[in-house]
Structures are given as structure tokens and as C-alpha cells.
Amino acid sequence: MDSLSVPPPVRRIVVDREPTVVDPPAGGNGYAPPPGSLAPVIRRPEPSAGPKVERMRTHEVSVFYGGLEAVKQVTIPVRMGEVLALIGPSGCGKTTLLRTLNRLVELTPTASRGGVISLDGGDVDALEVTDLRRRVSMVFQQPNPFPMSVFDNVAYALRQQGAKRPGKDELMPYVQDALQRAGLWSEVVDKLDHPALRLSGGQQQRLCIARSLAARPEVLLLDEPCSALDPRSTQIIEDLILTLREEVAVVIVTHNMQQALRIADYVGFMFLGELVEYGPAEQVFGHPREQRTREYVSGAFG
Amino acid sequence: MTTASATAPRDSPSKWPLIDRLGLGMAWAAGIMLCLIAGAIVVYMLVKGLQELNVDLLTSHPQPSLDQSKTGGFLDPMIGTLILTVMGTLIAVPLGVATAIWLAEYGRPAGLARAVESGVEMVAGTPSIVLAIFGLLIFQESLFAAFSFTAEGGAVYGRSFLAASAMMSLIALPLVVGATREALQSIPSHIREASYALGKTKAATIRRVLVPAIRPGIATGATLGMGRIAGDTAIVVILLGATLQLQGIDALEPFGTLRGTGSTLTSYVYVNSPAGEGNAPEKAYAAAFVLLAIVIALNFTVDWLARRGKEGSAWTR
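The listed protein sequences correspond, in order, to chains A and B.
Take the first sequence: its position 260, counted from the start at 1, is 259 in numbering that gives the first Met the number 0, and no numbers get skipped.
Take the second sequence: its position 127, counted from the start at 1, is 126 in numbering that gives the first Met the number 0, and no numbers get skipped.
You may find that some hints are simply not true.
To be verified - Where chain A lies over chain B, by a calculated footprint (3+ residues, C-beta under 8 Å):
{"#": "1", "segment": "188 to 198"}
{"#": "2", "segment": "204 to 215"}
What the hints assert, rightly or not - DEER-style ranges, computed between Cβ atoms:
{"#": "3", "chain 1": "B", "residue 1": "ARG307", "chain 2": "A", "residue 2": "ALA227", "range": "54 to 64 Å"}
{"#": "4", "chain 1": "B", "residue 1": "LYS201", "chain 2": "A", "residue 2": "GLN72", "range": "26 to 36 Å"}
{"#": "5", "chain 1": "B", "residue 1": "LEU35", "chain 2": "A", "residue 2": "ARG231", "range": "48 to 58 Å"}
{"#": "6", "chain 1": "B", "residue 1": "SER185", "chain 2": "A", "residue 2": "ALA227", "range": "10 to 20 Å"}
{"#": "7", "chain 1": "B", "residue 1": "LEU21", "chain 2": "A", "residue 2": "ARG231", "range": "46 to 56 Å"}
What the hints contain is simulated information worked out from the structure, not anything from laboratory work.
The beta-carbon is built from N, C-alpha and C at its ideal position, and this holds for glycine as well.
Given these sequences and hints, build the entire structure.
Next comes the structure, spelled out in C-alpha cells:
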């Protein structure tokens with residue numbers, strides 16, 4: 000009876016509260032993981048050796064679903080040589096922001112967008128949408144290979160609209176290259192004619208990555224690519240992402256904060272449509288500037 | 000406490016309330032009765048049909064004769080069933096698939112989509128005898144004279160394989176539309192988006208991703224439609240002339256045959272049954288058995304196609 004009289008602890012999330020900004024401690028590289036933070040436990044990626052080139056940038060991008068503002072004036076850069084992870088609770092606009100980058104969000108009948116998105120300096124609205132999506136490719140949460148052979152799945156991305164259909168021999172080097180970059184070649188070299196849906200889940204997801212890489216995109220968008228996969232496949236794909244960041248700009252949406260910590264160079268924390276905090280992963284996880292970020296990365300809500 | 004589930008009494012129908020036990024018993028009885036009826040039809044037709052069936056019946060033309068031993072077999076009705084089924088399906092499948100794709104993938108404006116939907120439903124609900132009469136009205140117009148035989152006075156006969164196939168396709172059409180549409184709707188939207196995300200247009204997505212994926216669904220609809228066409232009598236009697244033999248009109252074969260009249264197994268069974276004029280029930284049994292065998296084979300094909308379709312697309316799980 001005693002336990003019934005004690006109310007459970009309540010932790011309120013105050014959305015409109017003025018953020019408490021904590022200055023980073025002086026000395027060193029400006030960052031020292033506070034005791035009890037997540038950072039020391041988890042393997043961090045070595046920073047990329049290659050050059051960091053800004054590929055995309057959103058400038059005060061807002062997305063509305065009907066009257067609901069799902070993404071609120073987000074400004075964020077996307078650079079090659081880095082993995083950018085978008086973290087945050089469900090329904091806070093991470094996936095919507097990702098789908099805005101290749102204008103896939105326009106398929107939703109009620110959606111409308113404000114703000115400017117640039118790709119290599121040019122406005123994406125000025126591009127043919129099919130061209131944009133060849134340059135800004137996307138991998139989905141569920142592995143979704145097409146119901147055709149492994150080879151055709153990759154070749155499908157290569158065959159250009161309206162152009163004369165190139166033969167299998169002509170496409171083979173490109174297909175092989177894409178599969179090699181996705182780390183799948185050695186596993187499917189004998190199975191190129193097999194239906195892609197017979198592959199395992201992890202292999203299917205890497206095939207989807209290969210398919211996205213085939214047209215040599217500049218930006219690769221990943222929408223929770225590992226959430227349907229087992230830990231081993233997840234690790235393979237995470238390693239793959241770290242390799243890929245050398246040649247494409249990678250943006251990954253993830254629910255899994257540990258995953259963001261394992262692979263991200265930069266992290267954007269989104270909450271109720273707002274980009275609350277953006278910065279290097281060490282800083283966002285180890286030393287968040289904003290109260291909401293601190294509460295989220297310490298597991299106070301989610 | 001962990002063994003509680005093992006020692007707890009299992010839920011058994013003997014402990015149910017009377018009304019539930021009665022319900023269960025009736026459900027069982029209904030299921031078994033249906034099996035028995037289906038079994039009885041097959042066994043009865045098998046015994047009766049096989050008694051009468053012989054190679055001669057299958058390979059000789061039917062002849063008009065008062066002497067039963069000279070009335071021949073049912074080669075022509077078998078060919079008639081074959082022609083009608085193939086042609087009806089050939090018309091229905093492209094039309095039906097196109098309709099279903101438009102409904103499922105475009106469907107704008109919404110009012111037009113609703114109108115198309117109710118149109119398809121209405122065709123599905125129209126009795127085939129009504130379709131037959133309607134077809135006769137249409138094909139007796141001089142505009143469609145090329146589809147059938149024209150008498151010397153200029154009157155268009157209106158009955159031919161072409162006319163009957165056109166109306167038969169309407170019987171198969173709703174089944175093709177339904178199966179194709181269902182197959183399209185079972186494809187998750189992220190499959191389409193995956194194709195758009197590779198920079199593909201909607202048309203390319205439909206042609207290269209969706210249509211290959213719904214092939215089992217199309218095949219299921221087509222096979223169901225074939226079963227319905229093979230089994231229909233009203234359109235054959237009214238719109239095919241139900242003549243004993245294939246009566247092509249003297250033009251280039253095989254187009255002459257298509258413009259001419261004929262019969263199918265269904266009309267042959269009708270004519271030769273005790274209810275008809277031929278009064279050769281033994282031949283009716285044999286023909287009915289062949290028809291039943293064709294339809295059952297088609298149904299098994301549907302099952303097989305549907306099963307194959309399920310394992311073919313794992314992402315529809």
C-alpha cells in the first residue's frame with residue numbers, strides 16, 4: 000500500500016524554455032568528456048583524411064504537412080568526407096528533413112516547403128528532379144530491392160531515361176564497381192542472376208546501397224538503414240559508411256544514439272521540428288550546449 | 000509459478016458453453032458438406048464422363064443426324080471454347096491491367112476514378128445474358144458488319160467469335176482489374192520511392208518495377224477470367240450462334256472462322272442434355288467432364304500462381 004502513495008518521479012520537457020548554454024571548459028582542444036558521459040565507452044571513428052567539401056546546404060528550410068510545421072527553419076551544411084547524423088525522438092522531422100534534400104517529400108500530397116536547398120552552390124529547385132535524385136541518392140529503412148536479379152537492381156539505376164539501353168557487357172564494369180564499393184561483390188559474384196529478394200536482409204540492404212551508389216551520387220542519404228538488421232550486418236554497414244564518406248557526403252538518420260556516436264563526425268539533434276543543436280559528435284554527446292540535447296543524450300526522454 | 004501454464008487445464012471445446020459448441024459443430028458440418036458436394040460433383044462427372052468419353056468423341060466433328068450413332072463428337076465445341084477463352088483473355092488483360100494501373104497509381108481526378116470503379120463494378124455485376132443481348136444489339140449495327148456475316152439484304156447477323164469474345168472479355172475484365180489492383184496496393188510505397196530516389200520517373204517505375212512485381216497478380220486475374228469465360232453459356236447461345244460446327248465465312252482463314260459462328264462445350268452440353276434438342280445425355284456427360292477438367296486445371300493454376308507470387312516478393316511480408 001505504501002508504494003501506491005508515493006507518486007512516480009515526473010520529468011517534464013519544457014519546449015519553449017530558454018536554453019541554458021554552458022561554455023566549454025578552457026584548455027586542451029576545448030573538449031573533455033565529463034564523468035559518466037557516453038563517449039569513452041564507444042569506439043569513435045578516426046576523422047577522415049580526405050578533404051572536406053561542402054556539397055549541400057539547407058538555408059532556413061521549413062516543411063509543412065498541411066498546417067503542421069514538421070521542419071522549422073533548419074539551416075545545416077552537408078560535407079563530403081564527413082558523416083552527418085540526424086538524431087532525435089520519433090516524429091521530430093529527421094526523416095522529413097532527409098526526404099526534403101532529394102525532394103522526395105514532394106510526393107506527399109499535402110507537403111509544402113519553404114527555404115532554399117543548394118547542391119554545389121546551385122538551387123535544387125532549378126534542377127530536373129530526376130537529375131537531382133541521381134546526384135542525391137537515398138537508402139531506406141526497410142531493405143527494398145526490386146523484384147529482379149541482383150545485376151538488374153544495380154543496372155536499373157544506371158540506365159538513363161530515354162537513352163538507348165546499354166547491354167549487359169557494357170554495364171558490367173559499373174555494376175561490379177558499385178557492388179565492390181558496397182562491399183557486396185565477393186558475396187554475390189556467383190549470384191548476379193539470382194533474384195535479389197533471395198539475399199539475406201543485410202545483403203539486401205548493401206545491394207540497396209550499391210544501387211544508390213551506381214550512378215555516382217554526390218550525396219548519400221540513409222534513413223535508419225540498420226534498424227531492420229541484425230548486429231553483424233549493422234556493423235558491416237557502419238564500417239561501409241565510414242569508407243564511403245571519403246567519396247560521398249553521407250547523411251544518416253538514426254534513432255540509435257550509440258550508432259550516431261560510432262559513426263558520425265557531425266551530429267544534428269532535432270526536436271519537434273527544430274534543429275536544436277548541431278556540432279561535432281564529441282561535442283554534442285559529451286558536452287551539449289543545450290539543455291534539451293543534454294537531456295536527450297543522457298536518456299532523460301526519447 | 001512457472002509450471003502454471005503446464006498444469007492449467009487446456010481450453011477444450013468440451014468445456015465451452017452449449018451455444019459455442021453448437022456453433023463449432025455447425026461450422027465443421029458446413030465445411031465438410033461443402034467438401035462432400037465438391038467431391039460428389041467431381042466423382043460423379045468422372046465416372047459418368049469417363050464411361051462415355053473416348054478418343055473418337057474428342058477428335059470428330061459433330062454431325063446433325065437423327066441417328067445417335069452418327070452425330071459425331073465434340074471437336075468443334077472444344078476448339079470453340081479454346082478460341083473464345085484465348086481471345087476474350089487477350090482483350091481483357093491489357094484493358095484490365097491498364098485500368099488497374101490508372102486506378103491504383105494515378106486515380107486523378109478523384110471523381111473520374113470513382114466513376115471508373117463503379118463502372119467496373121457494374122460490369123462485374125451484370126448477368127452475362129444481359130451482356131449477350133447488349134452485344135447482339137451492338138454488333139448488329141452496320142458499323143460492325145466486318146465482325147460477322149452479312150445477309151444479302153444487308154442485315155448484319157451480329158453473331159460471331161469476334162462479337163462473343165468482345166463480350167466475354169467484359170466478364171473477365173473485372174477479375175483482371177481486381178487482381179491487378181490488389182497486387183499493386185500490396186506493394187509498399189517505399190518500393191516506389193526507392194525507384195524515384197534513383198531518379199526514375201513514374202512511368203519508368205511502373206514499367207520496370209511495378210509491372211514485373213505484379214505479374215503473378217495479373218496471371219491470377221487472367222486465369223480466373225479464363226475460368227469464367229470457359230464456363231459461360233448465355234453469351235455463346237446468343238452471340239456465337241451456338242451452331243453445331245464452326246461455320247467460317249469464306250474469307251481468309253483464320254479470320255473467316257473468327258467472323259463465323261460456332262459453339263463451345265457449355266452450349267454443347269446444354270443442347271445434348273435431356274433439356275436440349277440433341278437428347279444425347281451420354282455425350283453431354285462426356286463434354287461436361289472435359290469442361291470440368293479444364294476449369295479445375297485453371298483453378299489449380301491460379302493457386303500455383305498465387306503461391307509463387309507470395310514467395311517471389313519478400314518485402315510484401
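We went through each hint and held it up to the structure:
1. 188 to 198: That given contact holds, which follows from 9 residues of the segment 188 to 198 of chain B lying within Cβ reach (below 8 Å) of chain A.
2. 204 to 215: This one holds; 4 residues, not fewer than the three required, reach chain A with a Cβ under 8 Å.
3. ARG307/B to ALA227/A: 54 to 64 Å: 25 Å, violated
4. LYS201/B to GLN72/A: 26 to 36 Å: 31 Å, holds
5. LEU35/B to ARG231/A: 48 to 58 Å: Given about 54 Å between the Cβ atoms, the range holds.
6. SER185/B to ALA227/A: 10 to 20 Å: Holds, since SER185/B and ALA227/A (Cβ atoms, about 19 Å apart) stay within the stated range.
7. LEU21/B to ARG231/A: 46 to 56 Å: Holds - the Cβ-Cβ distance for LEU21/B and ARG231/A, about 54 Å, lies within 46 to 56 Å.
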